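Asks: One line per chain: the protein sequences are A and B, in this order.
Mapped onto my numbering, the consecutive letters of the first sequence carry residue numbers 1 to 531.
Mapped onto my numbering, the consecutive letters of the second sequence carry residue numbers 1 to 324.
Simulated from the structure, these hints should not be mistaken for laboratory data.
All values derive from a computational prediction rather than experimental measurement.
Careful, some of the hints might be misleading.
[To be verified] Below, a list of computed lysine-lysine pairs in the DSS-like style, where the Cα atoms sit at most 25 Å apart:
#1 Lys180/B to Lys436/A
#2 Lys143/B to Lys280/A
#3 Lys119/B to Lys97/B
#4 Lys284/A to Lys256/B
#5 Lys97/B to Lys189/B
#6 Lys408/A to Lys180/B
#7 Lys56/B to Lys436/A
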Amino acid sequence: MYEHLAKYHTHISKYRHLLREASPRRILRDEIREYVAQDTPDGQRIFFNYLAVRQVKIVCDFPNADVGQIALVDMPGLGDTGVGDADRLMKTLGQDVDAVLFVRMPKSSGDYWADVDVRLYDTAHAALVELPIALWSFMVLNQTDSNSKNGDNFNNCQDLAGDIANKHIQVKECITANCAHPQEANKVLDRVLDYLTTSITNLDREYAASCQERLLQLQNEVNVELEKSRQVLGKVTQTDSWFPLFEQLFEQTWNNLTSGLEGLLRYLKERRNSHNLDLKQQVKAAIQACRKDTGIPNLEQIEKRRDRVGGYPNAYYEYLHEIRAHLSQHFLLLDEGLKRSWLYVKSQLANILIEQGLGELTDTRGCQFLNDIANQLPESLPKLKLGFQIVSEFDMSYRELIQHRIRKQLDGLTPDETPLQISSCPSATEILANLKTLHAEAVYGCETALENLLCEPSQAAFAIVEEFVDRVLRAEGAKTEWRILLEEVRSFVWQDEFEELGDRTRLRKDWFDSIDKVATANQLNFMQFLN
Amino acid sequence: MHELKITMLGPSGVGKTSLLTAMYEQFESNIGKTNLQLTPDEESSAILQERLIELKTLLESFESTGGIEGTEGEPEDLKFFVFGLGKKGEKPSVQIKFQDYPGGYHAAKATPEKRQFVKNLMTECVAILIAVDAPALMEQNGKWHDVFNRPQQITDLFKTAYENLDSPRLVIFAPVKCEKYLQDETSAKELLQRLREGYTNLLDLFNSSALLSKVAVVFTPVQTVGSVVFSRIEMNSNAPHFHFRKTTHFAEYNPKDSEQPLRYLLRFLLKLHLDQRSQGFIGLLRNLFRRDSHFKVAVNQFAVGCKTNNGFAMLQGEDLLKVN
């Protein structure tokens with residue numbers, strides 16, 4: 001193996017360029033040798049392209065058109081194979097091949113079946129266990145004559161043919177032929193093809209039956225394993241003390257939950273008419289920004305705009321739009337304050353639930369905790385799920401809560417709505433005065449309107465939390481849903497009181513669900529492909 | 001000549017003088033074909049003229065600032081505006097005396113003497129006009145209403161003054177600087193509603209069994225300049241500055257409905273005459289209308305023009321104002 005790798009390494013400069021090219025690469029017939037062989041016909045070792053070749057497909061016309069299409073797969077010789085060639089041999093034999101020809105050229109000086117031959121056979125034999133290779137393989141002993149480089153090996157061929165059975169190399173037939181002669185080579189092929197023609201159906205049937213048998217065996221083995229899996233968590237031991245303990249814990253948790261949530265609700269109710277400090281702070285900052293950064297042009301700019309757009313009225317209307325847009329963008333600041341205050345309420349809510357053990361159901365905290373619980377709750381607990389969905393999906397944003405309510409205050413800066421239409425003899429001074437007044441009025445309007453909205457986040461928070469409490473505590477059947485939920489997750493919520501694994505109902509349920517899925521997929525009738 | 005006294009309550013600077021200026025300045029154009037004329041006495045005329053000039057000067061600039069300069073007036077400072085009312089081209093038949101009543105009297109520190117003075121002043125008046133700073137009432141949810149309009153102090157004054165009332169009285173709420181809130185019917189209704197809310201205690205007092213049949217209450221929102229509207233409040237050193245602006249750059253002095261308080265007043269007086277009441281000052285009236293039937297006709301014509309919509313309303317005592 002190391003030598004193989006060293007060869008790849010040493011000669012990389014000779015084949016590296018090929019790795020960068022698109023694959024597959026089409027080559028001419030004359031080039032085949034330099035991509036598949038190591039040596040030239042006269043024995044010079046100058047070819048290294050083969051190191052970059054995974055597979056060569058040679059397509060040519062086959063003179064025996066009546067036979068149909070035949071593919072000959074020439075595998076690397078054993079011993080001089082490249083990296084992964086042995087695996088490829090197995091795969092090719094196992095999946096792509098109908099018959100195997102082992103080709104052996106006995107030395108004329110004397111030869112015998114060596115380990116390497118037996119190993120090659122064993123490798124091929126292992127490739128397809130369902131169908132004995134003896135039924136679909138041939139041994140070809142390449143006979144050479146005295147004119148050949150190898151010399152006359154006829155006797156050696158005889159010896160090997162005679163000895164083959166002793167080596168447990170079982171093939172359909174051992175054929176001796178001079179493969180250098182096309183006619184003899186064709187005869188070999190004919191014999192193989194004849195055999196296949198008469199036997200291929202039987203071979204396929206035998207192969208299929210063998211596969212079916214293995215599949216059924218596998219199915220059976222899976223069933224045995226599934227049965228073991230069903231037992232692996234052991235049986236739930238429903239001891240007499242389990243239910244009373246759960247009931248006791250549940251009542252305690254229920255009481256804590258109701259007093260915690262009702263307490264939060266009372267707290268929010270007391271504050272629902274008071275100003276939200278986060279929002280108040282942001283409003284102050286936004287109004288200051290509005291007054292400081294007005295976007296109002298100076299006289300010179302107004303004159304220039306008038307020249308550009310062709311008249312004071314045009315310039316005036318353009319400025320109204322611009323100043324309005326400029327003004328309203330300052331209020332985007334409010335988003336932050338709104339979100340912060342709602343997040344705070346959400347985390348207060350989450351903390352109450354977490355304190356009652358629900359924190360064990362997820363690692364997340366704050367609003368993400370509420371989202372996770374909403375997602376985890378099954379549809380079979382609709383009241384709880386709805387409650388958690390309401391509270392986790394509600395968001396307080398400037399756009400949702402405020403924007404539309406202060407929009408009216410910007411009417412003065414809208415050309416069609418403005419109470420200050422430009423006079424019949426306009427001037428830059430008039431435009432400037434109007435813009436200043438309208439801007440100041442808009443800011444005042446927004447400030448006043450926002451002052452009225454300062455309680456809104458507190459009111460919204462109260463409303464949403466009350467809705468939540470209605471859904472999860474006060475709605476008919478809510479307590480039952482909590483009981484079902486807590487019974488299912490009791491080993492998480494009350495870890496000390498309930499056994500770790502044996503009683504982890506949810507885990508058990510997931511486990512048995514998975515086993516059931518496998519069992520469904522492993523039904524006998526799915527595996528039966530032969531009638 | 002008979003003299004009818006009317007007390008004007010309301011903080012200094014709220015616009016009482018402007019109201020009288022507008023009433024006088026616009027009287028001719030507002031009375032239509034009614035054969036009446038309103039003539040201020042010399043001193044009043046000078047003050048009103050001065051105020052008119054001020055108001056018109058005010059209109060030279062696009063924006064202006066209003067505010068209350070809390071005059072702590074003393075009784076000696078009491079201002080009177082005296083008008084003669086009569087048929088056109090003739091000697092006035094009756095003298096109407098508007099008594100401006102500065103804020104100082106109803107301050108908590110008022111001495112018993114001052115209190116008594118105020119009580120007498122209010123008791124001897126046939127009508128009391130309460131000038132209401134409309135922006136203070138309306139803006140920012142009325143957060144400046146108590147500070148500027150002092151509704152509770154006014155209520156307390158009436159509690160004392162209208163104790164054991166022996167004859168009918170007219171109370172006129174006159175919101176001023178209210179141009180912004182009379183732009184349409186909806187905002188006018190809101191003004192009316194806010195007035196009711198802002199003076200709940202006082203209205204409850206008038207509505208009490210002792211006063212219900214004796215006190216007529218009307219709302220007469222007067223646009224004392226007409227072409228100037230409230231713009232915004234800006235805080236400066238924690239003090240509110242009320243900004244006003246003209247409706248257009250070339251808008252001119254154009255008061256509206258400034259004669260309405262007077263119409264209500266005369267209508268009230270006429271009704272008292274028709275009812276043949278005779279207590280106190282009413283006896284004088286009876287003589288007045290009996291002697292001068294032409295004047296009575298003119299007053300009747302004038303009185304029927306009382307508005308009762310777009311912010312105007314008779315809150316109670318309709319019977320005391322029913323002339324036809």
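Asks: Can you name, in rising order, the numbers of the hints this structure does not satisfy?
Replies: The structure conflicts with hints 4, 5, although it agrees with all the remaining ones.
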